[in-house]
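Protein chains in written order, with our numbering: chain P, 88 to 397; chain F, 33 to 373.
Because the hints were derived from the structure by calculation, they are not lab data.
Worth double-checking, as some hints may not be accurate.
Unchecked claim - To spell it out: a stretch of chain F is covered by chain P in this simulated footprint if at least three of its residues, at any positions, have a beta carbon under 8 Å from a beta carbon of chain P; those stretches are:
id	region
1	78-84
2	112-121
3	138-144
4	223-231
Beta carbons: idealized from backbone N, C-alpha and C, even for Gly.
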Amino acid sequence: MSDLLDIFTSAALYAAAIRLALPVFFAALGEVFAERSGLVNVGLEGMMLMAAFGGVLGSDLTGSPMMGLLLGLVFALVIAAVQAFVAVNLGGDQIVSGIALNITALGLTAYLSRAIWEGGNVPQVNGFPTLDPPILSDIPILGPILFEQSLFVYIAAVAVAVSWWALTRTAWGLRLRACGEDPRASDSLGIDVIRVRWQTMLICGALAGLGGAFLSLGSLFTFSDAMTGGRGFIALAVVIIASWSPVKAVWASLLFSLCEAFALRVQTSDIELPAELMLALPYVVTLIVYAVIVGRTAMPAALGRTYVRE
Amino acid sequence: MTVRRSSALAALVVALAMTVAACGDSGDDTSGGDSSGLKVAMVLPGAINDKGFNQTGYEGLQQCEDAGATTTYKEMVPVPEFEQTYETFSQDNDLVIGHGFEFGEIAAKVAPDFPDVDYVVTSNPLKPEQDNIEHLMPNSTQGAYLAGVVAGQATETNKLGGIFGFDFPVLMAQAKAFEAGAKSVNPDITFEAVYLGTFDDVAKGKEAAQSMAADGIDVIYHIADAAGIGVINGATEEGIYVIGWGADQNEVAPETVIASQIVDQAKMIGLACQAAVDGEFEGGGLVVDGLQSGVIDLSPVYNLPEDVQAKVDEVKQQIIDGEVEVPSVGGGIPGSGEGSG
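Next up, chain F with everything else stripped away, as it sits in the complex (with noise of 0.2 Å):
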């Protein structure tokens, strides 16, 4: 009697446990301003407030709101669950987010059997299939090559070092764009990549940035998200210079942050919104958005004499006249352009 009734209460804990768990992992926001019955989900792979990718993607959100959309996300989803998040968010919304380009193969999959339902996803350089489906991609590769001139000047040792989370083919195309960029303006650097294989494990990130500083590495890129606040920690301890990405993150360290790729992942999707809203949403298409509208940037150079931020701007010119060649996101992945995922 005594095993039966605490069986029991053990489901009653993992009952509570998941309820609980439950609440962390999403928020369901239905305070839209000027409710205009268009109702938007947005599936998130990481925390949205990682000072990262993920929380670009809930500013995005964000927009769609004030775009007049109600709203209501899932973060944290695990790959496993990206099917059943998917289907459920199907069921009553109008346009379900997708926030990265690993949710591609699942819109494709999902997208067919909710004809009524229109699908976006971030950072995926393919064109989709189907026309229920559109494609944004930040041509962040700009960014990325930007933030490689601003490195190439400011590294006394000339050896330079990317942290990234995954080698997923997006992150790998700024890694190649960034060297570019570096040795544009410093012949002589060498690149390091590493690779976490977490964007969430902080203290792996802190870790790595010491590592590279052990290994005279003095100017260190990272794509690690919520990771990168521990690569951020590490080269203030060691006093070496980070360059951010996603959002400004100078203020994280002042110090140590001297400048940031913007990857203005939140323009996108309020405009993808809008679009939605006032009806216009065109399914089918690749969106590619760089330095031209501001998706993408470069934040202020701190911290470096005037000259690296003239170079900057110089440079960035260049490019949006099309006279500097920046290797876009979709060139070098392999089956881009075909296939789905």
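Chain P with its partners taken away, still in its complex shape (with noise of 0.2 Å):
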């Protein structure tokens, strides 16, 4: 058992716990805003794909990673306005439209890393390479779990706490939870609800897209096809475990990925346990927490109902 202490001590485990919530947190972000305005956003994936993608592209081109950034997230953006366009102006189901963004981002950046790089031999491009603060990575313990970090882990705490203000604390917050709970009678007071569902869907592809721009340019520094791994759809049962709120979904991240780092650990620990069932780990504790839950969380009452005005 000293094994299973040594790797709950090791500051490398929540260092990398952190590193590897960070995608998966960002697109659970941006899916509260869209939830809680009543949009149900499954093309998480598909967003996070484009903006892996289109950050090195854009860091190719121009040899500029923050040039690659905006790449990244225009192209995220641009799937988030055909979710939008489809399910809000159009009303359109939600989840099929969802659907269909994912598979088009998986086929079309297959497609393009093949016609734009020989053979598909995606180049590695410039990116944000990890930080090492002074005097803040010095601090014991702390330093390297939370300071020695990408740009992005500073970039999730300004957003988490903006995202929380923003939610709960404004007219702006209350207006958008007004439209997931009930968008009829928001629209009878005044709230122009299809506005605010494309401003949420917006939002959320910019964040998604930050989570996939982390994965190319502050992790790998390249593109492989369907390198997000399911990390949007994982997203989305973060939410829920969330409760839909902003602070909760860093702590059901961290929980997610501190099953997946303890996995990857202790298959090289002297703990004889199967592979597969290390794997399946952060799968079966995200299930048994939503097990627990469910029932006692908050879900926006018009969730994925699409609202046609008369």
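Need the complex rebuilt from these two chains, each delivered in its own frame; the hints are there to steer you.
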């Protein structure tokens, strides 16, 4: 058992959990905005993938990771705009269009990476390397875990604070949540439901895009097919476990990623457990947590329901 | 009325998405040089640009084209689509190549329905039962053993790691051979294996490498295809060594990749195609090729003292001469030589 203790007392485990949580967290935070306003966006995976691809393309073309990030966000926003148009303006089925966009993004990025780079050999590009801030990273234990991280960790910290404030402490946040609870009543009170839902979908696209761009520009500095690895779907589960709260989304994504980081470490330890069991661990734990808290969460009442103005 | 119009629109979006996805997933290179009329199709489990297993398969298909065949392929084919893909390809091709041992079962199932079509399954150590199927097995454990010889000499902590996509028997056999090779030059080493459960998730591959580095492991051997790029990336960040797999991966990260196990599936596939073009395809057999023919090899050793390379050359010759016994892939796999799959 001392081996188990070794794993849980190692700072590297927690640093890894934060790295692994990051893309899931960004996507989940974006989804909180969309779902609070009544939109279910299952197209997170596609948005992330497009941003990951756009990031590498932009950085490769200009040599600047910042330009890459911008192009990645634009790509994710294009997907978000299509999703918003179908789901909000046309009143189409949100699940169907989300799935369609995921498939589109998967095929499109694979196709474009072969069309742009000979034989699909995507190069290594300039990205945002891990930071080593003076003073902060010298703090024992916490320094390496919290501060010797990607720039994106700092962005995430700001994003969660701003999101919490915007959703719960502003009139805009109140109107947004009203649209998610009862769009008809909101409309009759003069809230422009279409406008609000367009806003949340675009915010969702930008945040999911940050998650995807972190994978390509903040971690791997290249693009490969389907590199998001289903993290956009995990984010959907994280939102439910987090009960649609930005702050709880931090903990929910960390819970998942901690299991993931633990599963990788336990395989090299003396603890003899089947690898398959370890690989399933993050999903099993997520499912258990969901089973425990289901029914006690505050799901927006009008979630996923199309609002057609009369 | 609005609702009806919108669901029709949603259906259109799905249809469009499928079309785009299909474009990304398959290629149709019907530009064979001097076309012999032989039509070859390949089914690949991963992406043709993964700098590993699937890429060598795709290069093999290009050699088929050089041999005069007309070729087509479908990449990233998920398990539920194996059978449908096989049936579709069988209808208008002369030779269907499944790249990876996992296609053995489905080839055996489909082959009786298409007696005029020949089937090749790569990386499959079993002897096929039907006479229109040929299995190609690169004797990859020989290369894995040599990779171990390098790793055993390169390590300073005496801790080696292996990162693998899945616990496929073919991969586990190579892990064993790697460990044996390392122990032959350095009896003090320990070896830990990690299975990712994916060949595509680059981020997970990187994380696995970083986790191993934190554990004191300083040389990692990977068989993880696209995820292996993440392994190399993570190892570079941590300043430890990687032994690549498939092609020479030194160019991915020149300081990190000290050697690569070459598995030239392309050559094996090309040879099988040449035979088919010449009308000499021999079904019902298992073709095993290794160090002798160059299908299996070790890349040059980089960044290490010259005596490491010398030791590799020495052991390589000993394996070819049969003086060093390397456990073959077929050995130790339950049920090898019987049944299919």
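Right, here's what the structure says about each hint:
no.: 1; hint: 78-84; in the structure: holds (count 5)
no.: 2; hint: 112-121; in the structure: violated (count 0)
no.: 3; hint: 138-144; in the structure: violated (count 0)
no.: 4; hint: 223-231; in the structure: holds (count 7)
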